[in-house]
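With the hints as extra help, turn the sequences into a complete structure.
Chains as they are written, first to last, in my numbering: chain A, 1 to 298; chain B, 1001 to 1298.
What the hints contain is simulated information worked out from the structure, not anything from laboratory work.
Model, not experiment: these values are computed from the prediction.
Certain hints may be false.
Simulated restraints on C-beta separations [to be verified]:
(1) Thr1022(B) with Arg214(A): 24 to 34 Å
(2) Ala1147(B) with Leu3(A): 38 to 48 Å
(3) Pro278(A) with Ser1066(B): 12 to 22 Å
(4) Asp1125(B) with Glu76(A): 32 to 42 Å
(5) Gly29(A) with Pro1069(B): 24 to 34 Å
(6) Gly232(A) with Pro1069(B): 51 to 61 Å
(7) Ser1066(B) with Ala33(A): 31 to 41 Å
(8) Arg1053(B) with Glu76(A): 39 to 49 Å
(9) Glu76(A) with Tyr1037(B): 24 to 34 Å
(10) Ala34(A) with Ser1066(B): 26 to 36 Å
Pairs of lysine to aspartate or glutamate residues, derived as EDC-like cross-links and limited to a Cα-Cα distance of at most 16 Å, are as follows [stated by the list, open to error]:
(11) Lys1040(B) with Asp116(A)
(12) Lys186(A) with Glu173(A)
(13) Lys1186(B) with Glu1173(B)
(14) Lys1160(B) with Glu1137(B)
(15) Lys54(A) with Glu1137(B)
(16) Lys40(A) with Glu1137(B)
(17) Lys281(A) with Asp116(A)
(18) Lys1281(B) with Asp1116(B)
(19) Lys186(A) with Glu212(A)
(20) Lys1054(B) with Glu137(A)
(21) Lys1281(B) with Asp1090(B)
(22) Lys281(A) with Glu43(A)
Example chain A residues on the side facing chain B (calculated, C-beta under 10 Å, incomplete) [to be verified]:
(23) Ile9
(24) Gly29
(25) Glu62
(26) Gln70
(27) Glu76
(28) Ala277
Built from N, CA and C at the ideal position, the CB exists for glycine as well.
Protein chains: 2
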Amino acid sequence: MSLPPLSAIRVFEAVTRHLSFTRAGEELGMTQAAVSYQIKLLEERVGAPLFLRKPRQIALSEVGASLAPQVQQAFEIMREAFADTRGEVDRLLSITTVPTFASQWLAQNLGLFQIDHPEIAVRVDSTSDMVDLLNDECDIGIRTLAAPPEKGLVSHMLVKADFTPLLSPALAESIGGVKEPADLLKLPMLDPQDEWWALWFEVAGVPGFSAEGRPMSMLNWQSLLGTAAMAGRGVTMLTPALFRDEIASGRLIQPFPLLAPAGRAYYLVYPESRRNAPKIKMFRDWMLEATAFMRAES
Amino acid sequence: MSLPPLSAIRVFEAVTRHLSFTRAGEELGMTQAAVSYQIKLLEERVGAPLFLRKPRQIALSEVGASLAPQVQQAFEIMREAFADTRGEVDRLLSITTVPTFASQWLAQNLGLFQIDHPEIAVRVDSTSDMVDLLNDECDIGIRTLAAPPEKGLVSHMLVKADFTPLLSPALAESIGGVKEPADLLKLPMLDPQDEWWALWFEVAGVPGFSAEGRPMSMLNWQSLLGTAAMAGRGVTMLTPALFRDEIASGRLIQPFPLLAPAGRAYYLVYPESRRNAPKIKMFRDWMLEATAFMRAES
DNA sequence: CGACATGGATAAACACCCCTTATGCGTCGG
DNA sequence: CCGACGCATAAGGGGTGTTTATCCATGTCG
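Here it is, written out as structure tokens:
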């Protein structure tokens, strides 16, 4: 019912292809004696000679000949399967990221990575769930964390999740421009419940801010808030680094350089055990370089 | 190009079928810890998780799922191949024998063995070449030997290859019956060169026998000589045990019980290493019992 | 709601398998 | 006739994979 020792079968397979113990041993990186041993083992298990020992060569016996093609086929299937897998594993990079980062920065910049590394396919899984990088089949995660994550994971800080008010130029113009922090109180605020509003005003030295009585929009993803802000629907707290393009192009304006320190940051995270996987190294290096300016600016 | 450790693949295959490390371990006769170790090994080699560890069960990962069917197929092929082989090896008994024995005794009696053991197919290779039982793929040999054979072979004496003159009743009648050994000299001898003639006459106390001037037929197989003798073409030296039926039925007559001791015998021979193979035991036991009378008579 | 059962992960120590080294034997070729 | 080539065999050691023991997480049952 159960198979003979697999190591013996592997040796047998190699010998059937070379029809030589010595040659097979070379292929397998072992000595001729070891090959002889394994074949003898298999022959005892099978109960019949697998090879006929001729003076200076060997030939398949009847039993051996009936076994050889099937064993070769089985090994061919496995070789192919693992070769495919290796390719797939090396070529597919799976990233899980918080939605904000996905739709803002990653969506705009991932193309550059793919141009640099066309051989790597990238799959982005954008979810706010904290995927377990150690157990689930995901290569890299991008998360907002207050501190470097638990043991077993390597993390690189990408950019601090600091916040500052952003708004559309048209909205700013509607009140004659935003000159000082208190001016913002005249404008509708998107998601004023956001704790960062209170923090920012505190840092800005504007007293008496209260979310009381202000409507709450529940646009809990920065990208949605950003879109709403660009549409002129209000002023909102965002991480300016993630809206660099929008600010540079004038679609959003950042009236004050002042940042509310969130105490959290976006981190690139991956399992320590895979820190040497080529695709992970590539992505990490690219990502750190591409986001270097964010860290430099702050 | 080269496969991951086969032991790990075997474990993986079992786990994919059970979807349980513990269960797979039971099937393979090892502990759950060992299974865990092997799977981890394979996962490191492949570079990706093969299973997703859910609380009380595991599930195939994407990579694992793509690998599983192919690995299962490969193992199925090998299992089938070795199962077939085992069947073939156990069910086919291959005998090499000297032609005389083949056509005389074996051809007539093998049917009885097959009735007793219908599950075993017998292949008889009748050749006078001495097949190397240790190296060639033959289970059992029947040979004429002067002594038990070389080391590594088990031998059982079947019957002494002693000779005595045999002739047809009609031929005996043509000279008014064979009363004493010297009468034989009046008859044509088939293969008079045969050394056994001289030996037999010597044992019989008939002096002056010479093969000089007598024609030589070169019928060097006993069965051919026997056929010629039955046709009345002459008197010939044969092993009476092999012509028991012919003598019993009157087709041949043995005028004298006197046997020339050939110093050789028919032996049943097989490799010592296979002495416990069921089919070999079966045939040996049957053969020794079926030929017991030959040894008893002499 | 807490104790238990289940299933997998992990660490350390050990056992055994399998490989290597060394040698022998038989045959072929110069 | 000697060396080359190829497989078989024995002895011995190293390393891989196993077991044992324990931990941890989760789901279940009283």
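* Asked: Going straight from one Cα to the other, do Lys1160(B) and Glu1137(B) come out at no more than 16 Å?
  -> 27 Å, violated
* Asked: Are Lys186(A) and Glu173(A) close enough, with their CA atoms no more than 16 Å apart?
  -> 12 Å, holds
* Asked: Straight-line Cα separation of Lys40(A) and Glu1137(B) no greater than 16 Å?
  -> Holds, at about 14 Å.
* Would you mind confirming whether the straight-line C-alpha gap from Lys281(A) to Glu43(A) stays at or under 16 Å? => Violated. Lys281(A) to Glu43(A) sits at ~47 Å, over the 16 Å cutoff.
* To do: State, for the Cβ atoms of Glu76(A) and Tyr1037(B), whether the hinted interval 24 to 34 Å holds or is violated.
  => 28 Å, holds
* **16 Å limit on alpha-carbon distance, applied to hinted pair Lys1281(B) and Asp1116(B)** => The given pair, whose Cα atoms are some 13 Å apart, holds under the 16 Å limit.
* To do: Could you see if the CB distance from Ser1066(B) to Ala33(A) stays within 31 to 41 Å?
  => 38 Å, holds
* **Status of the Glu76(A) interface restraint (C-beta, 10 Å, chain B)** => Check passed: Cβ of Glu76(A) comes within 8 Å of chain B, closer than 10 Å.
* Beta-carbon spacing of Ala1147(B) to Leu3(A) - inside the hinted bounds 38 to 48 Å or not -> 43 Å, holds
* **chain B contact restraint on Gln70(A) - CB to CB distance below 10 Å** => Cβ of Gln70(A) sits 4 Å from chain B, so the hint holds.
* To do: Measure nothing beyond the straight line between the CA atoms of Lys1186(B) and Glu1173(B); if it is 16 Å or shorter, mark the hint as holding.
  => 12 Å, holds
* Interface hint outcome for Glu62(A) [beta carbon to chain B under 10 Å] -> Given a least distance of 6 Å, the restraint on Glu62(A) holds.
In summary, the structure is inconsistent with hints 1, 8, 11, 14, 22 from the numbered list given earlier, while agreeing with the others.
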